[in-house]
Amino acid sequence: MDDDLIYKTRQVLEQSGANLPPRVTASLAAARQKALNAAQLKAGQPHLRKRFSSPTAIWGVGLTFASFIGVLIALNGAQRTSLDLDIGRIAAIDQKMIVDRLPVQAYLDPGFLVFQEEGLGQPASTSVTSLVNGASIAIREFWSLDQLFPGAKNSQTLAWAKLTNNQREALAPLESLWTTFEPTRKKKWLKIADRFHLLTPNEQVRAQERMQEWVSMPASDRQQARAIFDSVVEAVPEEVRIMKWNEYQKLSPAERARLVELAAQKIADASPTPEQKEIADASPTPDQKVSPPGPAQTRPRSALSATSDKPF
Amino acid sequence: MNSKALDHFLVATERRAFRIAMIGVKNEETALDIVQLAMMRLAEKYGHHDPTEWPMLFQRILQNAILDHHRRLKVRRAWLSLFSELVPAGQDPESSDYSDTLLIDIADEAHREPEARMSQRQVQAELNAAIGDLPLRQQQAFLLRYWEGLDITQTALAMGCSEGSVKTHCSRAMKKLSETLSFLKP
Chain A
1 MDDDLIYKTR
11 QVLEQSGANL
21 PPRVTASLAA
31 ARQKALNAAQ
41 LKAGQPHLRK
51 RFSSPTAIWG
61 VGLTFASFIG
71 VLIALNGAQR
81 TSLDLDIGRI
91 AAIDQKMIVD
101 RLPVQAYLDP
111 GFLVFQEEGL
121 GQPASTSVTS
131 LVNGASIAIR
141 EFWSLDQLFP
151 GAKNSQTLAW
161 AKLTNNQREA
171 LAPLESLWTT
181 FEPTRKKKWL
191 KIADRFHLLT
201 PNEQVRAQER
211 MQEWVSMPAS
221 DRQQARAIFD
231 SVVEAVPEEV
241 RIMKWNEYQK
251 LSPAERARLV
261 ELAAQKIADA
271 SPTPEQKEIA
281 DASPTPDQKV
291 SPPGPAQTRP
301 RSALSATSDK
311 PF
Chain B
1 MNSKALDHFL
11 VATERRAFRI
21 AMIGVKNEET
31 ALDIVQLAMM
41 RLAEKYGHHD
51 PTEWPMLFQR
61 ILQNAILDHH
71 RRLKVRRAWL
81 SLFSELVPAG
91 QDPESSDYSD
101 TLLIDIADEA
111 HREPEARMSQ
121 RQVQAELNAA
131 IGDLPLRQQQ
141 AFLLRYWEGL
151 DITQTALAMG
161 CSEGSVKTHC
171 SRAMKKLSET
181 LSFLKP
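The listed protein sequences derive, respectively, from chains A and B. Position 146, counted from 1, in the first sequence is what the numbering used here calls 146; the numbers after and before it change by one each time, with no gaps. Position 82, counted from 1, in the second sequence is what the numbering used here calls 82; the numbers after and before it change by one each time, with no gaps.
Next up, chain B with everything else stripped away, as it sits in the complex (with noise of 0.2 angstroms):
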């Protein structure tokens, strides 16, 4: 194995991995520990293949644990509607995993300023906002096409599915962006 490529490939990509992460689950710690986690696996079983596979690879291990977050996130969700009555009215027992700290402070940041023109923080927070709520699909869609610059194939591998669902992803995440974020066209 070549740690010195493969200490290279995770620098140049770990930021990156991280807004994926941050996007898809709206927690910092919760994106570390997905990255980390990432980070991990690829380098224990994929860190004799080519590094060419690497990005690929990465990305598919990226995704596969945001979904398991998801999952994971889906049944705690279902058990605790069980007992909703139990939990106090405005308290929600979810809130934690939802404090994106980054998202909420650039929220706020924008609702202060709700008449001045858009600061780049302001554009930075718009678009977390509007990325975060695509659906997870064509979130994880649009970013690795047109953030992680994957091709069509590449990113049918990293999201286990076909290329005719990522074109079908990539084309609804577009639509609703552009509607969501007006505020970018020219």
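Here chain A stands alone, though its shape is the one from the complex (with noise of 0.2 angstroms):
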């Protein structure tokens, strides 16, 4: 009997279900509707208020959240302070090359920098394999913030518009190439102006003849012709590297060639052993390592350069 009545009480209730209003169908559905989209809303969100409910969670993401800012507070302090040396060094060195009596291609040329060498006796360890050995490296590090917190400096307080008459002044010839330079770029040639009423008013004619020029050179270059100059320009008084760029100037094309191929040599000879190109290798970044140059028949001009081709 009992197993009747449960058929047939669910065969009635299925047929009453099936016959359901209109109304109830439609209700139905719409609240199925709404139960899926709750859930779908749901799922789309991280679990984030079940996992920090409890206040102790809270307090404990706080203090490591805090704990990890302050490590990057302290990481970035640290390193502005040693960009900004960076910068100081590098717009130094910037403004004694845009107001040197040489033009900058004298320092690109290996030739030269071998027949200045030669005739003053120096040892070979000075301009050329100095730079080999990676002298002068610390131009390097003038990229990294950039490129880590790209933008992350309010360039617009470094806005053409913002300068003061003197910057300005200083930077004319510069002045349609500022938007496009990075504001790092900007600190440096601000140092430079800043510093620009200290020059003779020969100096700042020629420093602001050679400014277009010089940040139209590839970076390469520019890091590369730094390097070298900063390498010679104590040791070799300005009087002696102009008598010594005339003699140069004077020399035959076979002799200049000679003294490129020397050059080369000397590259090579000072070149980094297997072991040492091997610690050389495991420097952090390629951008912070001075390649050995190509040959200089195929590059004379910049035979020493770089691989690293950022703007600077």
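No lab work stands behind these hints, which were simulated from the structure alone. Glycine included, every Cβ here is placed at the ideal spot set by N, Cα and C. Please note that a few of the clues may not be correct.
Said to hold, decoys possible - Interface residues of chain B toward chain A, partial, derived using beta-carbon atoms under 7 angstroms: (1) Asp7; (2) His8; (3) Leu10; (4) Ala43; (5) Glu44; (6) Gly47; (7) Val123; (8) Gln124.
Both chains are given apart, each in its own frame, so use the hints to dock them into the complex.
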């Protein structure tokens, strides 16, 4: 009897369930859709509320986050200080270079560098080899912050319109290019502008004539010229450099080619041993390495140039 | 969460859920609200569970919602009884909660044809009335076991009681229904 009653009861209930009025079926469909939407909405949210629901968890996460932010600020501060020092040092070198009486190409010509060294009887460890061994590589650090935090600095404060009259006057040749400069590059030029009034009128004219040429050079050439200039400027007086440059200009093409070849040989001799190279290869980034130069014959003007082609 | 599986489950369940809620609360609007509530809670809280758990979980939510409705009703009645003297005779302030249109319509129809052979719709009405007259827990146990097809363990979980209680409720429900629905006897 029970089984029969259950069977008939089920049958009747099924029929009553199947014959629901349209208003009820429509309401059920709407309710179902609402439930599915709510579930999808909830599934789309990460389980943050659940995970961080307890006060202990919130404090733990907060403290961890605060520590992390603290470390970041400290690291950023240290790096910023280092960066400012680098900007100052590079600005000083650039200022000397753009007022130097020798053209920039002189410092990119390996033949002239060898000629100068030979004439002065200096060991080959000054300009050429010091470059190969990685001198003046602090320049490379110049890019780190801009690369890590592109646009992080407020370039609005370095906008051309916001510069002082003296700064605008000193950097007038760069006005059209100013917006294309990265914040760090602008800072470097502003440091040069702030010391511009210390130059003699002749130096000021020469500096402004050289500015556009300097910024239009490939970054690798600028780095190269900077590194070599930095290594010879103290060792060789300006007058001597000028004299040697004039003598070098009078050399025959064959003689110059011999010097370029000699420079390449010196560079090869001064290149790191496999062990040194291994150590150099382990350095953090390729941008931080000055690669061995290519053949002097194929690229005489910038035979010692680094591979980095970043603007500076 | 598998939305498609949940959708299929709700489609397969919603009509029976409505009938169960209807029998439990005897009001269409309230029954629809309860079914919607059960669907929402299942989807939000248990949507990521194994779909095999959904039938039991859904029924538990549904039955709890029906129980909650009755508890609220009981409290309201207790308060209203205090003011019963102020209510004019013949007007039941609770009447709207019991205006089960389906049951009333069917009951009316049954009254219009007292001598006629019981139609399918009349059988349905008798059955609805008989189940509706069962105590709520017996009603729940009976519907979950014999309509929803849950086993004793699942029914006990859905009802939040022991398996022994389920057996007792089912046994008493069957006894009463077999007395009331004697016309179904062969």
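Hint check:
no., hint, verdict
1, Asp7, "holds (6 angstroms)"
2, His8, "violated (11 angstroms)"
3, Leu10, "holds (5 angstroms)"
4, Ala43, "holds (4 angstroms)"
5, Glu44, "holds (5 angstroms)"
6, Gly47, "holds (4 angstroms)"
7, Val123, "holds (6 angstroms)"
8, Gln124, "holds (5 angstroms)"
In summary, the one numbered hint that this structure violates is 2.
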